[in-house]
Structures are given as structure tokens and as C-alpha cells.
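Trainee: What follows is each chain in one-letter form.
There are 2 protein chains.
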Amino acid sequence: MHAPAHFTPVPLDKAYRLLNHGPTVLVSAAYAGQPNVMAAAWACALDFSPPKVTVVLDKATRTRELVEASGHFALQLPTVPQAALTEALGTESAHTHPDKLQRHHVDLFDAPGLSDVPAESRPPLVPGCAAWLVCRVIPEPHNQQAYDLFIGEVVAAWADDRVFRNGHWEFDTALDHLRTLHYVAGGQFYATGQSIKV
Amino acid sequence: MHAPAHFTPVPLDKAYRLLNHGPTVLVSAAYAGQPNVMAAAWACALDFSPPKVTVVLDKATRTRELVEASGHFALQLPTVPQAALTEALGTESAHTHPDKLQRHHVDLFDAPGLSDVPAESRPPLVPGCAAWLVCRVIPEPHNQQAYDLFIGEVVAAWADDRVFRNGHWEFDTALDHLRTLHYVAGGQFYATGQSIKV
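Chains A and B, in that order, give the protein sequences.
Note that UniProt numbering gives residue 126 to position 126 of the first sequence, counting from 1, and the numbers run on in steps of one.
Note that UniProt numbering gives residue 124 to position 124 of the second sequence, counting from 1, and the numbers run on in steps of one.
Looking at chain A on its own, in the form it has when it is part of the complex (with noise of 0.2 Å):
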């Protein structure tokens, strides 16, 4: 499918406010035509510029064996209806339930603009999320074997310009539906709540 309506660029030395509230997100990779997409509450922040993150991802995950094959994935923030599905994507392996994806109507869309990235290699985005940061493996082989701890720089950002607009997310005044996820365990989630300015 095409990217969606409201799939805007965001500048790079603001990509770390997408991720700065320490939402939820799905982690996607591919490669060679073979996608893969899971949830992770425990990505974050690393750095402002060049804007770096941090991932968690499991050695039993199918979606860790594609990212490091490909040395890409992409981080994106699901919203307030997508609560279900990130539920299904965290639980369920792509080893034991090889149709996941399709099982959950999980219609993947290409990035625009990533011709430094192979193109085997490029992670397909999930439609619906309210941010997306596309980031290159920074390879560090011990702490991904020690901690499974991957991390990676942002090589492109976009976020949907009806809640993030000039490099400040808007969740005020946007519909509710767009606010992001905060997981805790169980199937429990809070969204992201009242905007406090100091």
C-alpha cells in the first residue's frame, strides 16, 4: 500500500521528541521480502543529533533475526486503536504463527526516500501509528548478546501532522484516537494524558 494520509517528515534533530514520553512502540524489519513486525515497551531515547535509540529485542524473536540480517528496523508509535493488535504483535512469534501479520490485517507500506538503505533491506512501516523512525543497526555485539540491546541511528523520521506539527506532539488538541500507548503488562496500557506545560 501507499504511506498513509498525514505522513509527514519530521527533522531529524527533532526525531528524539517522537520517542521522548516513552511510548510503546512496534518494531518492524524485512529482509528479503520476508517482513516481520513486534512490539517492544522497552525502546528509548539515546541521543539528540545524530539522533540515536535504544531497542530491547529477544533472542527467540523472529523480527531480531531480520534486523540483523538487514541492520535496519524501524520504531513506530501505535495509537489508541491499535491496542489490540500491539498486544497480538507482542505475544504472538512470527516462529510459532508464521501468518501474523496477515492474521491481523497488518497491511505494511513502503517508506519513501530510503535509497541509502538496500533495498532488501528497508523496514516496511504499519499504518495507523502516529510516528515512525526508520534507524540503521549500530552494530555493538555485546550488549546484543549480554542484553539484547540494540542500538541504532535514525536515518529518517515521520510523524502524522495531525499530532505532531512543528517539532511539538499536540495530543491536546488532536482526536483522541491519535494519543500513543504506554504499556505496563497484562494487556494493560495507559495513553499518553494531559498536556502539563511549566
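To be clear, the hints were calculated from the coordinates, so they are not data collected in a lab.
Misleading hints may appear alongside valid ones.
Any copy will do: because identical chains look the same in the list, a pair fits if it lies in one copy or spans two.
What the hints assert, rightly or not - Derived SDA-like pairs (lysine to any residue); straight-line CA-CA distance at most 25 Å:
1. 100 with 119
2. 59 with 6
3. 59 with 197
4. 59 with 162
5. 197 with 93
6. 197 with 101
7. 59 with 100
8. 59 with 83
9. 59 with 121
10. 197 with 176
Starting from the known structure of chain A, arrange chain B on it as the hints suggest.
Mentor: Structure of chain B alone, referenced to chain A:
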């Protein structure tokens, strides 16, 4: 001062749930009678059992020096009434504002039961938070130097039992002033919002 009312131990196997929703934290540390506290949006769970965390501590911060000297730090989750305090503690450095804790009336208290931690290295805690995690640094010099990234093992955890009970956050039934904070940039926070159970 003494530990505040409602300060209640959290079993270590549930400690990851205190950070899973991606809150902004206050990082405290002390060495040889010198305490400090800074704010950090870049803290994240890393493992379940034993529970581990990551936190990014810039080389310019006084708190990092104390973490390196003591080998310990505490992460604690500030609540809505502490948003301005969090912004101030994250903006002012003790290097340039040596009286920052006094100026902001931060009346630290001692964590109970840390007999395994040398007395001069015990991180003091900030009252008014929703949860507290005391961590021992797992030395990873390359991460610390290259990425400002510290890994800690959680050795003790507590929460305010009005908002975290029996291993679960209860934001929707607790007072709104006990909600935790998610920082974006420029004094802009979001409170933890509505519960979504799937």
C-alpha cells in the same frame, strides 16, 4: 527525613512494571555525604529478572560523577505536582548551582534496608514520587564512554501504595496528583493518561 507515608516495598520480579510505561525519572546518587538529583527522560527497563535498567547520564552532570564514585543510583518517578521541580532539576547543574537541592527544597530521605550497599554510596530518595528503584551499576565502560549509557541492576524497589498495589498501577482510581510524568522538551510534559485494557 523519614520515608514518606505509603512508601511500600515492591517485589523485585514486579519492579520492571514501575518503568514499563516510559515515565520520566529523577536520578539521585550520593558519595561520601555529597548527594545530587537530576532529571532524565532517557531511562528504560532492560530485563525482568534480575531486573535491570538503562539510563543516559551526560558527562557534564554532577550526578554522573556521584554514580561513578558510588557505583549506585536511584531512579524515582516524579508526579504531576513535581513537574516544575523535575524541569528545574533537569536544567540546573550542581556544577553551576551547587545549592540546587536546597533552593528547590528537596528534602531527601534514606532508603531502608540497603545493608548490602556501603553507607557512603547509598542513593538518597526524593519524597513525593510514585515509585523508587535503587540500582547497582553494572560496569560497562564502553557504553558509558561512547553513549553515556549506564546499566543498573535493581536491588530494591518501592512504590506509593495509593497508586501501585499488588504489582499493578492504579492510576485511574488514585488521585490525579499521583499520576507520573512523560517529558517531551521545553518544559512540556504529558501526565500518564487513561487506562486501556485489552
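Trainee: For every hint, state whether the structure bears it out.
Mentor: Each hint tested on the structure:
1. 100 with 119: Within one copy only: 23 Å inside, 52 Å across.
2. 59 with 6: neither (35 Å within a copy, 39 Å between copies)
3. 59 with 197: neither (40 Å within a copy, 27 Å between copies)
4. 59 with 162: neither (36 Å within a copy, 37 Å between copies)
5. 197 with 93: Only across copies: residue 197 and residue 93 sit 21 Å apart there, 40 Å inside one copy, limit 25 Å.
6. 197 with 101: Answer is between: at 22 Å across copies they meet the 25 Å cutoff, but 39 Å inside does not.
7. 59 with 100: For residue 59 and residue 100, the Cα distance is within 25 Å only inside one copy (18 Å; across copies 44 Å).
8. 59 with 83: within (24 Å within a copy, 38 Å between copies)
9. 59 with 121: within (19 Å within a copy, 35 Å between copies)
10. 197 with 176: Both ways: residue 197 and residue 176 sit 19 Å apart in one copy and 16 Å across, limit 25 Å.
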